[in-house]
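Residue numbers (the numbering used here), protein chains in the order written: chain A, 1 to 350; chain B, 1 to 364.
Everything labelled a hint here was simulated from the structure, so no lab data went into it. It cannot be assumed that every hint is accurate.
Unchecked claim - The list that follows gives simulated cross-link-like pairs (lysine-lysine, DSSO-like), each with its CA atoms no further than 27 angstroms apart: (1) K103(B) to K113(A); (2) K75(A) to K206(A); (3) K206(A) to K36(A); (4) K83(A) to K79(B); (5) K26(A) to K77(B); (6) K272(A) to K332(A); (7) K36(A) to K83(A); (8) K36(A) to K203(A); (9) K272(A) to K75(A).
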Amino acid sequence: MTTNNDNVLEVSDLRTYFHTEDGTVKAVDGVTFNLKRGETLGIVGESGSGKSVTNLSIVRLVPSPPGEIVSGEVKFGGQDLLKLSEAEVRRIRGRRIAMVFQDPMSSLNPFMKISRQLMETTQLHLGHTRAEAREHAVRMLDMVGIPEARERLDSYPHEFSGGMRQRVMIAMALSCEPELLIADEPTTALDVTIQAQILELIKTLKRVTGTSVILISHDLGVVAGMTDHLIVMYAGKVFEQAPTRALFATPGNPYTKGLLRSVPDPTDEQGKLYQIPGQPPDVAHLPPGCPFAPRCERAEEICHREFPPFVQLTAEHFSLCHFAEEVYEEAKGGNLMARPGDLTVRGRRS
Amino acid sequence: MNDDEPKSSPGPAKAEMSETTLGAPLSPSVAAPLDDAIIHTPPEVAVAEGDVRQVAEDGGYVAGTSLWRDAWRRLLKNKLAVFGLIVVLLVTIASILGPYVLKLTTGMTPDYIPGDAALIRSFPPFTAPDGSFSWTHPMGTDRQGRDLLARVLQGGQISLMVGFIATLMSLIIGVGYGAVAGYLGGRIDNLMMRLVDVLYAIPYIILVIVLLAMFKGQTPRAQLILLFIALGSVSWLTMARIVRGQVLSLKNQEFVLAARAIGVSTPRIIFRHIVPNTLGPVIVYATLTIPSVMLAEAFLSFLGFGVQPPLASWGSLVTDGIQNIGIFPWQLVCPGVTMALTLFSLNFLGDGLRDALDPRTRKF
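For reference, chain A alone in the conformation it holds in the complex:
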């Protein structure tokens, strides 16, 4: 991958390990990606695949101990975030990189009024006076679509519904006009109708403010319509990395393929839903070979023995597999058809 100035974020060889009594858990193990200005990057994977830890590592919020960022580089605006002092990182958090978390029920402080929580960010980073911060807070609530923002400003979080709290979180995240917004499963805790609204909101605000977004999700449907690039993670490693369209159309990794096949297909009524066999591996005790090999349909002897190479398929398409090219050619041959837009994923015809 080339380095150029369009990149907001360049993460290279990021490794975050957790030292537990059970051994060292390599939660993030050699993750590399770039994020271009104004683009949206999706990170998908099962629970425990290292999606969230990757992002917590970027802003250095990994709980330590037991977590430790062992190596890597996180270049943001020309600076390596991992080399900055705690105070310098604090000035970047919230101001230039903002985060939205999974559960809006618990990510707002129940004892603080919405107004104080919203105002804190801008008072901290933009040097607003109380009055300025308050006006700004009203405007932000307005922007995220909370009706009668001025009246609702002094409510407590428990007076808001889940969807509205997530809107408040988004307002908080965007109030300093960050260059990068990290949304960690922002819709997982919400019901489906609200999910769509929140995603639409993020999309709109992204267009309006020009913020780059990293969207973490385990829901392929969520990332399909939202992202420009996708990273598929498994056991702390990047398994596949490609433009969203390419990844849905021609996956070059058996794991991605499995994920795509696990999405229910509304047109196929009798079809049994595909399921990737087995369980995600114990990341503390990984086998020497490919971590997915025990669950992989096309695993051969080499997969259990040797760690797979990170194969470049096209200019922007990479896959971690011994048979990446074959899988890719197979997909290209039309065995698997998927469009990111409507997410109609059909199983392989045999």
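Take the given structure of chain A and dock chain B to it, following the hints.
Using the frame of chain A, we list chain B on its own:
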């Protein structure tokens, strides 16, 4: 839907306002489309029905219904707690204003010893020197002929002050110490809490006695301050443990992570974000600390280490009274009953507060 109207109509007004008052933080290139978005496009997208229906149906919302207000309502339902609250308030007001009122009505002050030698002896309540009924000494007099009511009220001042100030100290030291230890965790936590354990192991009464004995021979007032310090410096230990326990469970909550993610500094997270969340248990424990400290003070005064004459506290009055319990029972009964009433009122109040503030014991 009634929320359609406010979000679409005030467009121009809002645009003006945001430009004049809030142009500053946004670079002009970004600000323009942002304003645009606020007024014209996103609300249709952003505000959808499911999100707002709840508000629309209620036809409004109660602004700022805080957890405190809920707790207050629950407290008022608890009769014993309300009784406790009223008694505590009455005793406090009486102690503060009482001596002045007495001076104006009966002319008695706590340290007034009558000049007439015939009056320097203890009279029962409501009794004049000649044995007839009188309002001059509603609680009688003590051995020196001093008005007992005035002394009880003034003793109340000191007893309550000891209770409140020692509790305040335990609040300041205990909450800060416990919160810091709990949040920082690891080795610092270990070190800080071991210190608490060590202090716990020393019997606190002995610590207080040693402290007071070391600085003996001061003026009564200086000794009183010493008593505050001595009691305050041992009463924070349990508070520190309680707060630390609370903080340990709070610091892993997502809102703390969210606060860190917007760049809030550690001290601010501890004291602005976490400590307010511990206030429920802290208030309850503080209310229960007041009577226990007052009791400790009474005990120390009883042993002769506490408040020195001419100042009086309930403890020292009881001590005086107990010497003549057979002949002049009112000298013991009057301060004793006042103290007991106050103490168990405080305990009722504390229990009521616990029920009101702790959602787990909440009764619906």
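Each hint, compared with the structure:
Under the criterion of a C-alpha separation no larger than 27 angstroms, the hint pairing K103(B) with K113(A) is inconsistent with the structure, at around 48 angstroms. For the hint pairing K75(A) with K206(A), the CA-to-CA distance comes to about 21 angstroms; that is within 27 angstroms, so the pair holds. Pair hint K206(A) plus K36(A) holds up; C-alpha atoms about 13 angstroms apart against a cutoff of 27 angstroms. Note on K83(A) and K79(B): the hinted pairing is violated, with a Cα-Cα distance of about 60 angstroms set against a maximum of 27 angstroms.
A hinted pair counts as satisfied when its Cα atoms are at most 27 angstroms apart, and K26(A) with K77(B) does not qualify at roughly 54 angstroms. In summary, the hint linking K272(A) to K332(A) is supported, as the alpha carbons are separated by about 24 angstroms, within the 27 angstroms threshold. Restraint check for K36(A) and K83(A): the C-alpha separation of about 22 angstroms stays at or below 27 angstroms, so the hint holds. A hinted pair counts as satisfied when its Cα atoms are at most 27 angstroms apart, and K36(A) with K203(A) qualifies at roughly 16 angstroms.
Restraint check: the Cα-Cα separation between K272(A) and K75(A) comes to about 45 angstroms, which exceeds 27 angstroms; the hinted pair is violated.
Hint violations for this structure: numbers 1, 4, 5, 9, all remaining hints satisfied.
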